[in-house]
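K.L.:
Protein chains in written order, with this note's numbering: chain G, 22 to 160; chain X, 22 to 160; chain E, 22 to 160.
Mixed in with the good hints, there may be bad ones.
Which copy is meant is left open, because identical chains are indistinguishable; a pair holds if it fits in one copy or across any two.
Pairs of lysine-lysine, DSS-like flavour, derived with a Cα cap of 25 angstroms [to be verified]:
{"hint": "1", "residue 1": "82", "residue 2": "102"}
{"hint": "2", "residue 1": "51", "residue 2": "27"}
{"hint": "3", "residue 1": "27", "residue 2": "82"}
{"hint": "4", "residue 1": "90", "residue 2": "102"}
{"hint": "5", "residue 1": "56", "residue 2": "27"}
{"hint": "6", "residue 1": "82", "residue 2": "51"}
{"hint": "7", "residue 1": "90", "residue 2": "27"}
Please keep in mind that the hints were generated in silico from the structure rather than gathered at the bench.
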Amino acid sequence: MPVLTKEFYLETEGETHIINITDYVQRIIKDCGLKDGIVCLFVPGSTGALTTIEYEPGLLKDLPRALEKIAPREAYYEHEKMWHDGNGHSHVRASIIGPCLTIPFVNGNLTLGTWQQIVFLELDVRARRRRIIVQIVGD
Amino acid sequence: MPVLTKEFYLETEGETHIINITDYVQRIIKDCGLKDGIVCLFVPGSTGALTTIEYEPGLLKDLPRALEKIAPREAYYEHEKMWHDGNGHSHVRASIIGPCLTIPFVNGNLTLGTWQQIVFLELDVRARRRRIIVQIVGD
Amino acid sequence: MPVLTKEFYLETEGETHIINITDYVQRIIKDCGLKDGIVCLFVPGSTGALTTIEYEPGLLKDLPRALEKIAPREAYYEHEKMWHDGNGHSHVRASIIGPCLTIPFVNGNLTLGTWQQIVFLELDVRARRRRIIVQIVGD
Numbered sequence: 022m023p024v025l026t027k028e029f030y031l032e033t034e035g036e037t038h039i040i041n042i043t044d045y046v047q048r049i050i051k052d053c054g055l056k057d058g059i060v061c062l063f064v065p066g067s068t069g070a071l072t073t074i075e076y077e078p079g080l081l082k083d084l085p086r087a088l089e090k091i092a093p094r095e096a097y098y099e100h101e102k103m104w105h106d107g108n109g110h111s112h113v114r115a116s117i118i119g120p121c122l123t124i125p126f127v128n129g130n131l132t133l134g135t136w137q138q139i140v141f142l143e144l145d146v147r148a149r150r151r152r153i154i155v156q157i158v159g160d
Numbered sequence: 022m023p024v025l026t027k028e029f030y031l032e033t034e035g036e037t038h039i040i041n042i043t044d045y046v047q048r049i050i051k052d053c054g055l056k057d058g059i060v061c062l063f064v065p066g067s068t069g070a071l072t073t074i075e076y077e078p079g080l081l082k083d084l085p086r087a088l089e090k091i092a093p094r095e096a097y098y099e100h101e102k103m104w105h106d107g108n109g110h111s112h113v114r115a116s117i118i119g120p121c122l123t124i125p126f127v128n129g130n131l132t133l134g135t136w137q138q139i140v141f142l143e144l145d146v147r148a149r150r151r152r153i154i155v156q157i158v159g160d
Numbered sequence: 022m023p024v025l026t027k028e029f030y031l032e033t034e035g036e037t038h039i040i041n042i043t044d045y046v047q048r049i050i051k052d053c054g055l056k057d058g059i060v061c062l063f064v065p066g067s068t069g070a071l072t073t074i075e076y077e078p079g080l081l082k083d084l085p086r087a088l089e090k091i092a093p094r095e096a097y098y099e100h101e102k103m104w105h106d107g108n109g110h111s112h113v114r115a116s117i118i119g120p121c122l123t124i125p126f127v128n129g130n131l132t133l134g135t136w137q138q139i140v141f142l143e144l145d146v147r148a149r150r151r152r153i154i155v156q157i158v159g160d
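Here chain G stands alone, though its shape is the one from the complex (with noise of 0.2 angstroms):
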């Protein structure tokens, strides 16, 4: 059973810009070939996180607005006494959301319900650049 490492990258548009990539992740399953196993995702970074949402418009603004309420954006953060980048709130809601997950997959196909799609949440203040880490142990 081997361990395949792949990677794609996203670019983001800042603040609470989520992301669809279960297409990216799929895609990546069906190129290594592999039958079942596991596929764990992970961000670097800490201004980023990772879930599965129902991937419609609504939820894109009801998501951040409960992120908003966990981390407001306008609060004090002891953050900002070392690096004044104004995003110690993106830290906080990234370490609460958390960087990883792991999904089986099975005849090539994730095994996610109908309506539930793997997005990246870009938490940090500004557009950046991303990289997503696709691990994959599988037969």
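Once you've looked at the hints, dock chains X and E against the given chain G.
P.N.:
Below, chains X and E alone, put in the same frame as chain G:
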């Protein structure tokens, strides 16, 4: 080292029904005969989530109360515009908790703490039939 | 491809003590001699959690403040009825952050971002001895 994919079904009772699935997962590991490895749990669907908790009646009320703070049921959700199914908060909560868990097992036993159980959180507003994927990579 | 299971222990100082465990994990990967694979980190116990963060003094105060908003220490918890140990909020916070992380490594190196560290969050109200499971599947 093989990859084994199993699944089981849950009949949930609706919003914030929290189901202890530890025994289902532990039994699958025992039955597969593998000694050491990773079990990857995944819920297909965007209004359910997986985590661990001490499964006692108090916390089964306390965790939903915290989720109500993060994404209140009675708040306005843009998701309503498209679907009118009253579960915008369910989606937001599920994206924050997340759809997957990975847990090591050693000598056929999950490495859970003494008071730590694996739970499925039904976050949707109605009773659902839920499929849980259990994928095992191990020796 | 082997599965290797290691562990290490932490002596925590009590509530919201955040410990950088990156070097522990990186050293275990180096010592095992595997090149590429997934490391699965897991904390046995229902009042601790794992995530990543930029490990600098400001954020070590900012993240606990967000957790205080989600599950305030002084709120009423049903968990108290059973245990009277004043850590209902600890359990709720731990269930939201989660007990596991999965991180790819490539050429023996964790694929973390430059400013991203792996941390254990002590969410219990008292100092604890904590065991962290490190399971590696790789080539």
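K.L.:
Next, verify each hint and record whether it holds.
P.N.:
How the hints compare with the structure:
Taking identical chains as interchangeable, the C-alpha atoms of residue 82 and residue 102 lie at most 25 angstroms apart only when they sit on different chains, with a minimum of 12 angstroms there against 30 angstroms within one chain. For a Cα distance limit of 25 angstroms, the shortest separation of residue 51 from residue 27 qualifies both inside one copy, at 12 angstroms, and across copies, at 21 angstroms. When the C-alpha separation of residue 27 and residue 82 is checked against a cutoff of 25 angstroms, the pair qualifies neither within a copy, at 30 angstroms, nor between copies, at 35 angstroms. In the homo-oligomer, the alpha carbons of residue 90 and residue 102 lie at most 25 angstroms apart both inside one protomer (22 angstroms) and across protomers (21 angstroms), since each shortest distance falls under that limit.
Taking the shortest Cα distances, residue 56 and residue 27 sit within 25 angstroms of each other both inside one copy (17 angstroms) and across copies (15 angstroms). Taking the closest pair of Cα atoms, residue 82 and residue 51 never come within 25 angstroms of each other, the shortest separation being 32 angstroms inside a single copy and 43 angstroms across copies. For the homomeric pair residue 90 and residue 27, neither the shortest alpha-carbon distance inside one copy (35 angstroms) nor that between copies (38 angstroms) is at most 25 angstroms.
In this structure, the earlier hints numbered 3, 6 and 7 are contradicted, and the remaining ones agree with it.
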